[in-house]
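Number of protein chains: 2
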Amino acid sequence: MLIQSPKNEKVKQWKKLLTKKGRDQANRYLVEGDHLVQEALLAGAVEELIITETSMTKYTETSFGSVGIQMISDPIGKILSETETTQGIFAVCKKKIDTKVSGIRFLLIDAVQDPGNLGTMIRTADASGIDAVIIGKGSVDLYNPKVLRAAQGSHFHLPIVQGDLSEWISHFQSESIPVYGTSLQGGESMYTLDPGKPFALIVGNEGRGVHPSLLQQTAKNIFIPIFGKSESLNVSVATGILLYYLRGNDSVVGKEI
Amino acid sequence: MLIQSPKNEKVKQWKKLLTKKGRDQANRYLVEGDHLVQEALLAGAVEELIITETSMTKYTETSFGSVGIQMISDPIGKILSETETTQGIFAVCKKKIDTKVSGIRFLLIDAVQDPGNLGTMIRTADASGIDAVIIGKGSVDLYNPKVLRAAQGSHFHLPIVQGDLSEWISHFQSESIPVYGTSLQGGESMYTLDPGKPFALIVGNEGRGVHPSLLQQTAKNIFIPIFGKSESLNVSVATGILLYYLRGNDSVVGKEI
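As you go down the protein sequences, you meet chains A and B in turn.
For the first sequence, numbering that gives the first Met the number 0 assigns the number 0 to the initial residue and increments by one for each residue that follows.
For the second sequence, numbering that gives the first Met the number 0 assigns the number 0 to the initial residue and increments by one for each residue that follows.
Here chain A stands alone, though its shape is the one from the complex:
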């Protein structure tokens, strides 16, 4: 059956997933576009596929395995889309609640507001081989469409925990994983740390940085040296530099927690 009416009950439910409140209530979110939908399918996260009439011609019946497909008119596709020119394919995904982590490299994110930044940081954490990302209170919603787009599928690649950063710092410390804050004031150069060792790195809000109460809990607070005249770095860029520096190029002989 082709859904054509914006008043259709399913369309109403899907539209709710475009807001944080709707996503929280339904415990579900919407991904859009070929690449993200494929990543979601691979991860087994998809409950329902939604495809426009026009886009349907691109696929065969067997493209998506056993996942149910709902066909919609192109105008309904425009309603659901967060992009200027939609690829006409969406997936309703169930949130995956990660609560435990294991590994030797972690990224903790404190109150990052910009969805592009948060998504890019998750993508970078994935690329640098981080074992899990912990997102504290006050960050933009992890399932915001712009966060999903910037992360380019990394939501499906590594555990992402939403929790209390202060408690997680204590947890990592109890497991002998040193926790490093980032701070332009009162910190030490990242070069005072040797690469290739276990770490949990905290990065923070675009304006104020990492909250002072968290910086007091850490083993050390570090900064990236500025060799030129700029005052600071963009938080996504800084996160990439720090994660790649701390990882280093050698394989790590570390402990698993």
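Hints are not guaranteed to be accurate.
If chains are identical, the list can't say which one is meant, so a pair holds when it fits in one copy or spans any two.
[Claimed, not checked] Mimicking DSS-like on lysine-lysine, the simulated pairs with C-alpha atoms at most 25 Å apart in a straight line are:
#: 1; residue 1: Lys228; residue 2: Lys95
#: 2; residue 1: Lys14; residue 2: Lys94
#: 3; residue 1: Lys9; residue 2: Lys93
#: 4; residue 1: Lys196; residue 2: Lys57
#: 5; residue 1: Lys196; residue 2: Lys228
#: 6; residue 1: Lys57; residue 2: Lys95
#: 7; residue 1: Lys219; residue 2: Lys145
#: 8; residue 1: Lys15; residue 2: Lys145
#: 9; residue 1: Lys6; residue 2: Lys19
#: 10; residue 1: Lys6; residue 2: Lys95
#: 11; residue 1: Lys57; residue 2: Lys19
#: 12; residue 1: Lys228; residue 2: Lys99
#: 13; residue 1: Lys145; residue 2: Lys228
#: 14; residue 1: Lys196; residue 2: Lys11
#: 15; residue 1: Lys219; residue 2: Lys9
#: 16; residue 1: Lys94; residue 2: Lys57
#: 17; residue 1: Lys20; residue 2: Lys219
#: 18; residue 1: Lys228; residue 2: Lys93
No wet-lab data here; the hints were simulated from the structure.
Starting from the structure of chain A, add chain B where the hints point.
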């Protein structure tokens, strides 16, 4: 005199600076906001200051030295602003045409389209102590307001040349500065290069990367290893990781060209 009419000749001229065509014709551009205006003043780039009635109360007559100030009504400020809530201060700046460079570390940018990316890359080049940035054809306008905002004043901190990248590659090679392209296909890990030596690094377009014809001119093409499951990194983040890796922490005993 307070300018209140959108039809005022000056307002018409300023509005033209909001488009690339207008900036090219006038050889001037507009910066907005306290921080950028201060940076432009420090650099001696400002020809005229434009301040709204409301914002004028924040400053004293002597805040800006001898630069002429034009007061405008708040609604005119809204017309000139590219932000949601303007700080009500603008400066008309004359383009600074850099053609020569000197130093041992260079960043070449090939056809980067997103203004946030280009601005962030200039800011990062500044932070990492790059001696000059060379921007090739096909990139977003260097003086686009979003590029200026993302660069946070770095336009005024280091030479930025607009030119033919192929010619610049030949120039650096003739000066014995090795040129490295970036390429996910057919390249070598960045870790095959030792940090702390002179370099000219080419980074490229968000979709296609560095143009193949440029990659054929280089000494070596490199990539950032992906340790996780993501396919690639955001180009601004990748630029930051590469520039900080190649610089290294030690002072460089290099040659000046």
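Against the structure, the hints come out as follows:
1. Lys228 <-> Lys95: between (43 Å within a copy, 18 Å between copies)
2. Lys14 <-> Lys94: within (17 Å within a copy, 47 Å between copies)
3. Lys9 <-> Lys93: within (16 Å within a copy, 56 Å between copies)
4. Lys196 <-> Lys57: Intra 47 Å, inter 50 Å, cutoff 25 Å: neither.
5. Lys196 <-> Lys228: between (31 Å within a copy, 21 Å between copies)
6. Lys57 <-> Lys95: Neither: 29 Å inside a chain and 50 Å across chains, both beyond 25 Å.
7. Lys219 <-> Lys145: Neither. Shortest intra-copy (33 Å) and inter-copy (35 Å) distances fail the 25 Å Cα cut-off.
8. Lys15 <-> Lys145: Answer is within; shortest intra-copy Cα gap is 16 Å, inter-copy 32 Å.
9. Lys6 <-> Lys19: So Lys6 and Lys19 pass the 25 Å test inside one copy only (21 Å; across, 43 Å).
10. Lys6 <-> Lys95: The answer is neither: 29 Å in one copy and 56 Å across copies each exceed 25 Å.
11. Lys57 <-> Lys19: This pair counts as neither: shortest intra-copy Cα distance 31 Å, inter-copy 38 Å.
12. Lys228 <-> Lys99: Classified as between: cross-chain Cα gap 20 Å, same-chain 42 Å, threshold 25 Å.
13. Lys145 <-> Lys228: between (31 Å within a copy, 20 Å between copies)
14. Lys196 <-> Lys11: neither (49 Å within a copy, 59 Å between copies)
15. Lys219 <-> Lys9: Intra 51 Å, inter 54 Å, cutoff 25 Å: neither.
16. Lys94 <-> Lys57: Result: close neither inside a copy nor across copies, 28 Å intra and 48 Å inter.
17. Lys20 <-> Lys219: Neither: 37 Å inside a chain and 50 Å across chains, both beyond 25 Å.
18. Lys228 <-> Lys93: The answer is between: 21 Å across copies meets 25 Å, while 46 Å in one copy does not.
Violated hints, in rising order: 4, 6, 7, 10, 11, 14, 15, 16 and 17; the structure is consistent with all others.
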